[in-house]
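J.: Chain residues, written in single-letter form:
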Amino acid sequence: MDSNQSINIEASPHLERFARMNHYEVLDVPRDASVEMIVQAYRMALNSLEPSSVAIYSIIGPREAAAMTTMIELAYKILRDPMERRRYDRMIENIEKGIPADEKGDLNLPDDGMIPDTLQKSFPFFAPVYSIEQVSAPSNSQKAIIEHQAADKPSDIEPQIQTVVTEFPSIMKHEVEENIWADSGASSQVEPVEIPKSPDAAPIETPREIIKTSKTAVMNESSTTEQSNVKSEDTGNAELNTQSFPEADLSSESGVSRELPPLENKDKKPAESEGPVYSGQFIRLIRESHGLTLDDIASITRITKINLINIENENFKEFPALVYVRGYLMQYTRCLKLDPKKAASSYIQRMQELSDQTGEKK
Amino acid sequence: MSARKPLISFGGGKGGVGKSFLAVNAAIHLSSIGLRTALIDADFGGANLHTLLGMELPRTTLWDYIEKKSELSTVMIGTSHRNLWLGAGIVRDFAAGLKQFQKTRLIKALRSMDFDVIIVDLGAGTSSHVIDIFAASDFGILVTLPEPTAIENCYRFLKTAFYRHLRGTEKIHDAKVLLDSTIAEKSSQKGPIELIGELMLISPEAGGRYIEELDCFRPAIVVNQARTVEDRNLTQSIASVLKRFYGFKSWPLGEIAYDDSVWLSVRNRVPLISLSPLPDTQAARDTSSVCMAIGELVSEFRTMR
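If you're matching them up, the sequences are chains A and B in order. All residue numbers for the first sequence refer to my numbering, where the first residue is 125 and numbers rise by one. All residue numbers for the second sequence refer to my numbering, where the first residue is 954 and numbers rise by one.
Hints may contain errors.
Unchecked claim - In silico DMTMM-like pairs for lysine to aspartate or glutamate, Cα to Cα no more than 20 Å straight-line: (1) B:Lys1139 / A:Glu149; (2) B:Lys1143 / A:Glu140; (3) B:Lys1196 / A:Asp152; (4) B:Lys1202 / A:Asp419; (5) A:Lys461 / A:Glu220.
For the record, the hints were derived by calculation from the structure and aren't laboratory data.
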């Protein structure tokens, strides 16, 4: 297959329609669907969309199927989790009632851009992510958060956080050194997404409990993968919520026997693998399927709206230096729960390919 | 009020997928549960239901109905199965294809016959009488194989049948013209959902009706000659794809395994499901369960108001 081939939404009415669906519609389940129904619909959808499936032949290509699979996994991830599902339900109800974005409550972030405690506890993906400006001169409250989180974490993770914080300024000075960004991507697994432990917190399910809930719903044939999954939860408590996206977690938990994409290899460019191309349009699709507006993203990530628009519209000419673009991409895609490293590499690879074609290379 | 008489047709884009085999077995099953069943061989190019039923060359065929203007019910011949009558296919050399008025007359005659259930075996391809009868049926059963070629034909067939169905429901001339031109222009790149969306922009009223029709158009799917473990879920997958991409709700009737018992029954000219005892093979069990699923659809339809 042509590796340059990307998802052109205009040429893919199916994807375009998908983008307008809520998570229930994506999984094709009613709003009051039971967990069992959701699991079943999810497996059915994955089955029919897997690359070797003969059922999609002549309807959609592998790229579209991969993009849809990502959206289906996203929908599943939200809906099978009681907490996230409740929040999501509230959100779509509000949208249906026509309540504008700033009155959505959950997304109404305070002016300093910090995430309210309650929200962060419930939805770790709203964890604060730092833009370059912020990190170069962290405000007092941010410092406090960083310290708080560092203190909360197991000691072996701490140095990585330190690294992230201290190395941003050096990038500013030396301009290039892309791998530092890559490194911060790797440490994104333990970046500030830890759920602060608070004794008076409402009964919040820990990742393990969430796993347990979903486990009962999933008729799992391969208990070994399940166990290994739980084990990995023991080592890093916050992992479940930050795990990179179309990776092994979902498919192994649901017992769907499906060939998993090979584990990410540093030398291999992700766009060559089976995953979707993270084009601007695709990122927009995912954002919309979360029900998030550009303003929401801007206030969470502190990336200026114009930069977000440029990313989505692929206005490569307007981009700042590559190193910033990568940073923006990773912050943006992380808060969409995508794999930031993979998404950024894929996007930049596509950007470079397109620039090569049009002779507008920076 | 008497029970409604379902018109069931077996179609599918591709030849050799087992339409005739399944039509015969389903007809025998329905007649065995006490329904007076008419089996019509409308595969004008390659009629052979009489062969599958183990009968000699029939004396009267649909030819007598179509060309000699006999009543359709008078060309129906009895079979060795109780409650089952055959409208034999045309076995003489015949340029396949019906004229428009013949088609209309046939569909009307099928509906007016005095049977409990009417089963029509359509030929392969997407020729106009095949599509028209499929689209006019209460149940269109689509038989396909777990192969890309057959699947591709299956989707194309259903899309065409749905457009024909839409066209059939449209009474207003202007709307018909609009529908025709939109289908001609856009149907190659766009699926039914997108197409209706476009029509909605032009005529919200017509678009609304088409959405209702989309809900009514419910093909049933059978995958024949399933070989691998993955094939065992294929009808479900196809149904899920049809819903997702075309907006069709469909009945996944199941898969029939590939083994020799089907072939042997055809070779011996004894329909599989009429064998007693039923051969102890997966294909035989599958055929029986697909036929029972069809039986359930029929009973439900008959009791519906």
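J.: So, for every hint listed, does it hold in this structure?
T.: Here is how each hint holds up against the structure:
{"no.": "1", "hint": "B:Lys1139 / A:Glu149", "in the structure": "25 Å, violated"}
{"no.": "2", "hint": "B:Lys1143 / A:Glu140", "in the structure": "12 Å, holds"}
{"no.": "3", "hint": "B:Lys1196 / A:Asp152", "in the structure": "9 Å, holds"}
{"no.": "4", "hint": "B:Lys1202 / A:Asp419", "in the structure": "38 Å, violated"}
{"no.": "5", "hint": "A:Lys461 / A:Glu220", "in the structure": "24 Å, violated"}
When held up to the earlier numbered hints, the structure conflicts with 1, 4, 5 and fits the remainder.
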